[in-house]
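Protein chains: 2
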Amino acid sequence: MKTIDVCLSPELMHLYEVRNRTVVAVDILRATSCMVTALAHGAESITPFAQMEECLNMKTKGYLTSGERDGKKVDGFDKGNSPFEYMGDQVRGLKIAFTTTNGTQAIEKSKGAKEVIIGSFLNLSSVVKYLLLGENNVLIVCAGWKGRVNLEDTLFAGAVVEKLKDYLGPDCDAPLAARHLYNLAKDNMAGFLNDSSHVKRLNRLNIYRDFEFCLSVDQYKILPRLENGVLVA
Amino acid sequence: MKTIDVCLSPELMHLYEVRNRTVVAVDILRATSCMVTALAHGAESITPFAQMEECLNMKTKGYLTSGERDGKKVDGFDKGNSPFEYMGDQVRGLKIAFTTTNGTQAIEKSKGAKEVIIGSFLNLSSVVKYLLLGENNVLIVCAGWKGRVNLEDTLFAGAVVEKLKDYLGPDCDAPLAARHLYNLAKDNMAGFLNDSSHVKRLNRLNIYRDFEFCLSVDQYKILPRLENGVLVA
Chain P
1 MKTIDVCLSP
11 ELMHLYEVRN
21 RTVVAVDILR
31 ATSCMVTALA
41 HGAESITPFA
51 QMEECLNMKT
61 KGYLTSGERD
71 GKKVDGFDKG
81 NSPFEYMGDQ
91 VRGLKIAFTT
101 TNGTQAIEKS
111 KGAKEVIIGS
121 FLNLSSVVKY
131 LLLGENNVLI
141 VCAGWKGRVN
151 LEDTLFAGAV
161 VEKLKDYLGP
171 DCDAPLAARH
181 LYNLAKDNMA
191 GFLNDSSHVK
201 RLNRLNIYRD
211 FEFCLSVDQY
221 KILPRLENGV
231 LVA
Chain Z
234 MKTIDVCLSP
244 ELMHLYEVRN
254 RTVVAVDILR
264 ATSCMVTALA
274 HGAESITPFA
284 QMEECLNMKT
294 KGYLTSGERD
304 GKKVDGFDKG
314 NSPFEYMGDQ
324 VRGLKIAFTT
334 TNGTQAIEKS
344 KGAKEVIIGS
354 FLNLSSVVKY
364 LLLGENNVLI
374 VCAGWKGRVN
384 LEDTLFAGAV
394 VEKLKDYLGP
404 DCDAPLAARH
414 LYNLAKDNMA
424 GFLNDSSHVK
434 RLNRLNIYRD
444 FEFCLSVDQY
454 KILPRLENGV
464 LVA
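If you read the protein sequences in the order shown, they are chains P and Z. Per the numbering used here, the very first residue in the first sequence carries number 1; after that it's consecutive. Per the numbering used here, the very first residue in the second sequence carries number 234; after that it's consecutive.
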């Protein structure tokens, strides 16, 4: 039986051997939700950057630049970290350079993996189907918040573990914990997350609409994957 | 309102400022359960060591030595990591030098804290009362398994967060997650933990009796605390 494990924070990545695994990078609020949305709406590619300066420099090469720190758009960047900035024809045909507080850091730390795909509730079923048909063991890497564990990424990991429970065995306790939390939350995820620290942070920024959208399941059928450091659909 | 936070793995300790906090070090299976048991049965003190050699050398200074790695007693040490080795008159009046796979590592990493106390289900109410009356913010440090998050330490953290919920506010998402898991498990903790990786590990070692004892609540009223690197009741 293939196995599935969950790394609850990028700060724990050194404990996991990923060379032979498929890594699912997750930052529900909101980096990977934005990436899925942008690629579903026709963006040509997304290049993730851990560093802001490097990302902003991509402007000179014709890229649209997206920069977020602490939940807010960074001055000088074209776009921030709301999925509603990546819909309709706003990004169609464009190359995007993307940097965020947590999500692009998690992707950076996943680069040693056999393959890296991007997960969010928006493309949950596509992720699950891909992992089910794939040959590799799986590691879900939760972006968390500045190294700390968060609830929303853990719930996503738990959803994947739950849906694959008959096919992929848990490697350790983190997937069990995530699965328990998901089953507790699944009938009302927004309510469950209302006390969470990042939702409070987002509410202060007045972006509850983003929060609700990022929890909506299977809006898109795409599966972004990292190819030579660039995300494509 | 004072705050409470949970560090789910010693590998995340660098993310937490502990200088002004009371740290509760926890390794339910089985280091902190053993320590509480030994001090409740009259051991004079317990000196935790991260390194095995250093710990074993304490024999020459008249210490009883306890050494465990990967769930098993290490050759050359007087005792292993079962609470039943620390009952009755087996340790009365003795100084113990103690090293384990995870628990003593967590204590080592907690040493910068304002104060360090030792928690287990065996002395749960004593821990809760102490934190309630204390003036400091609280961080519960889960020993985990070789850096990874485990369920049993998380459940203990959740129990403390739950019992103090009207008095200490959660600092982040980890205490919320731990509390949810505890409330899910509390009516049948042994059953809840049966799938966990460490319980499987212990069952392979045929020490189910330890597992059941370590989950039993309030066997002892003591509160071990670290003073100059040494644990006393």
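Worth flagging that the hints you see were computed from the coordinates, not collected in a lab. The reader is advised that the hints may include incorrect statements.
Partial list, computed: chain Z residues near chain P (C-beta under 8 angstroms) [what the hints assert, rightly or not]: (1) Met-246; (2) Phe-317; (3) Met-320; (4) Gly-321; (5) Asp-322; (6) Leu-327; (7) Arg-381; (8) Val-382; (9) Leu-384; (10) Leu-417; (11) Asp-428.
Glycine included, each C-beta is placed from N, C-alpha and C at the ideal position.
- Message: Going through the numbered hints above, which ones does this structure break? Give me the numbers in ascending order.
- Response: 1, 2, 3, 4, 5 and 6
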